[in-house]
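Peer 1: With chain P's structure known, arrange chain X on it following the hints.
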Amino acid sequence: MAEVTALDPKKFKEAVKDKSNARLKMWLEICAHCGLCADTCHFYLANDKDPEMIPAVKGRKVLEALRKKDKIDEEFLEDFYWTIYGECTMCRRCTMFCPFGIDIATITSTGRGLCVSQGKVPENLKKTIASYYEHGNQMEITQEEWIDTLQWMEEELQEELPGATIPIDKKGAKVLYTVNAREPKFYPMDISQVARVFYLAGEDWTMSSKGWDDTNLAMFAGDLKAAAYISQLVRDAAEELEVRRVAITE
Amino acid sequence: MSLYELLRGPLLWLAFGVFIGGMVVRIILFFTLSTKKDKPIYRFFSWKWLWLSIFHWIVPLNQTAKKNPITTTVGFLFHICLLVTPLFLLAHGVLWYESWDISWWSLPESTADYMTLIIIGCGIFLALRRIFLPYVRVVTTAADYLLLGVTLAPFVTGYLAYHQYFDYNTVLLLHMFFGELMLVVIPFTKLSHFLMFFFSRAVTGMEFGRRRAPSW
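Those protein sequences? They're chains P and X, same order as listed. This note's numbering puts the first residue of the first sequence at 123, with every later residue one more than the last. This note's numbering puts the first residue of the second sequence at 612, with every later residue one more than the last.
The reader is advised that the hints may include incorrect statements.
Unchecked claim - Derived DSS-like pairs: lysine-lysine, alpha-carbon spacing no greater than 27 angstroms straight-line:
hint	chain 1	residue 1	chain 2	residue 2
1	P	Lys-193	X	Lys-801
2	P	Lys-132	X	Lys-647
3	P	Lys-133	X	Lys-659
4	P	Lys-139	X	Lys-678
5	P	Lys-135	P	Lys-190
6	P	Lys-193	X	Lys-648
7	P	Lys-183	X	Lys-648
8	X	Lys-801	P	Lys-147
9	P	Lys-191	X	Lys-650
10	X	Lys-659	P	Lys-139
11	X	Lys-647	P	Lys-133
12	X	Lys-677	P	Lys-139
13	P	Lys-190	X	Lys-659
14	P	Lys-135	X	Lys-659
15	X	Lys-648	P	Lys-190
16	X	Lys-678	P	Lys-171
17	P	Lys-191	X	Lys-647
18	X	Lys-677	P	Lys-171
19	X	Lys-650	P	Lys-135
20	P	Lys-191	X	Lys-648
21	X	Lys-801	X	Lys-647
22	X	Lys-647	P	Lys-347
23	P	Lys-190	X	Lys-801
24	X	Lys-677	P	Lys-307
25	X	Lys-678	P	Lys-347
26	X	Lys-648	P	Lys-133
27	X	Lys-647	P	Lys-147
28	X	Lys-650	P	Lys-183
29	P	Lys-191	X	Lys-801
30	X	Lys-678	P	Lys-135
31	X	Lys-677	P	Lys-135
32	X	Lys-647	P	Lys-183
33	P	Lys-347	X	Lys-648
34	P	Lys-183	X	Lys-801
Read the hints as simulated data drawn from the structure, not as lab findings. Just so we're clear, the structure is a prediction, and the values are computed from it rather than from any experiment.
Extracted from the complex, chain P is given alone in its bound form (with noise of 0.2 angstroms):
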């Protein structure tokens, strides 16, 4: 569910203004409407093939909102996040089968960053997108219990391992590894398995202390300036380290 926030068309109509690039307005213009996209989405499949879910009219969704600009209601907006959000999952396969190679998921990724000018956001996303900004990742995961997982499972990997390590901030190393922050949370043991890898192969790696995490979920909410924000933290992390590669977890 997302929050009820008060509907504010004039930063909706900024919203559209900034969202509005190139390819966008040609793509809408010129979809011919042919409905070849139909039978590519997995929405109208598993849904007894309704019309109503076929990738052009997310699409003309989408222009209908850039079109109304401030003249946004309640009852629009709502009908259109709970297709955003709920009937597209940005996978771009009908991209792939659009002769006129219109792509629908970053149109839909538009329609999600018009969304979030109204703090229509689902719930877990947006607290999801909080933690990143207050923790540096998805998960909620303080510094001290980030580095207090790497040297648990340093421990861990010694008593089998003696002499691998775990480095952590190590400046100048080849490869830094970054993780999805649900490996610490929920699978730390992923961490050590792949510091074994490291170990065997001789690699020169560390792993960071802050800008770690390289999921980023706010690109999921077409909140693009929370995704640069976030994608900047690894960033900084791989310039600081002066690390030549980052890895990042499969």
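Peer 2: Positioned in the frame of chain P, the structure of chain X alone reads:
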């Protein structure tokens, strides 16, 4: 000035002016806006993926064509005849020769006649698709029928004029009017895809190409 002279002269100039000028403006707007707001296009620009993307869709070398053989066949026939017939029609060639003293190869008259019928037949198929397929009907607006009508009108009237059905002079004037109307609406409607197709295919081809995932 008679209605014929008006349609043959100033209005034709106007139609070509709006058509060409409109498309030039569309392209300028695309470049001015995209250089500011669509940076990924230029950052990951690739001639290779641009041409591969256009090539696989300008000929039916893609999954969509394989999955929809009938619609693909109709679509290609429609577009080929639509472009070739007016450009290589003998009667049009004569007009160009009279006005500008230039001439080029033209189609045998009977071939052009059949091609016109193919366009009309394909147009009817596309309209029926819109009416009977729920997933096409759902995205169909009045504009889609109108534009299909505007596209077919010059061919229907051209066919009637060639065979001199009904009153020849009236049909001819209508033919000229609809032809000019079609040119005029192109830059402002989805018909602009005749050119924007290449831009759209290019940006998506490059976007998928940089991930080594061909978009066809």
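Peer 1: CA of Lys-139 (chain P) to CA of Lys-678 (chain X), is that 27 angstroms or under?
Peer 2: At roughly 38 angstroms apart (the allowed maximum being 27 angstroms), Lys-678 (chain X) and Lys-139 (chain P) break the hint.
Peer 1: Would you check the hint for Lys-659 (chain X) and Lys-139 (chain P), treating anything up to 27 angstroms between C-alpha atoms as holding?
Peer 2: violated (33 angstroms)
Peer 1: Run the distance test for Lys-647 (chain X) versus Lys-347 (chain P): straight-line Cα separation, threshold 27 angstroms.
Peer 2: holds (17 angstroms)
Peer 1: Check the hint pairing Lys-647 (chain X) with Lys-183 (chain P) against an upper bound of 27 angstroms on the C-alpha distance.
Peer 2: Distance of about 25 angstroms is within 27 angstroms: holds.
Peer 1: Is Lys-677 (chain X) close enough to Lys-135 (chain P), meaning Cα to Cα at most 27 angstroms?
Peer 2: violated (42 angstroms)
Peer 1: Take the C-alpha atoms of Lys-647 (chain X) and Lys-133 (chain P), compute the straight-line distance between them, and say whether it is at most 27 angstroms.
Peer 2: holds (21 angstroms)
Peer 1: Assess, step by step, whether the Cα of Lys-135 (chain P) is no farther than 27 angstroms from the Cα of Lys-659 (chain X), and give holds or violated.
Peer 2: Roughly 38 angstroms between the alpha carbons, so the hint for Lys-135 (chain P) and Lys-659 (chain X) is violated.
Peer 1: Next pair to validate is Lys-193 (chain P) with Lys-801 (chain X); report whether the Cα-Cα distance is within 27 angstroms.
Peer 2: holds (25 angstroms)
Peer 1: So if I understand the rule, the pair passes when the alpha-carbon distance is 27 angstroms or less; does Lys-133 (chain P) with Lys-659 (chain X) pass?
Peer 2: violated (40 angstroms)
Peer 1: Is Lys-190 (chain P) close enough to Lys-801 (chain X), meaning Cα to Cα at most 27 angstroms?
Peer 2: Given that 27 angstroms is the threshold and the Cα spacing comes to 20 angstroms, the pair holds.
Peer 1: For the pair supplied as a hint, Lys-191 (chain P) and Lys-647 (chain X), is the alpha-carbon distance within the 27 angstroms limit?
Peer 2: With a Cα-Cα distance of about 21 angstroms, the restraint between Lys-191 (chain P) and Lys-647 (chain X) holds, given a limit of 27 angstroms.
Peer 1: Is it true that the CA of Lys-191 (chain P) sits at most 27 angstroms from the CA of Lys-801 (chain X)?
Peer 2: holds (22 angstroms)
The earlier numbered hints that this structure contradicts are 3, 4, 10, 12, 13, 14, 24, 25, 30, 31.
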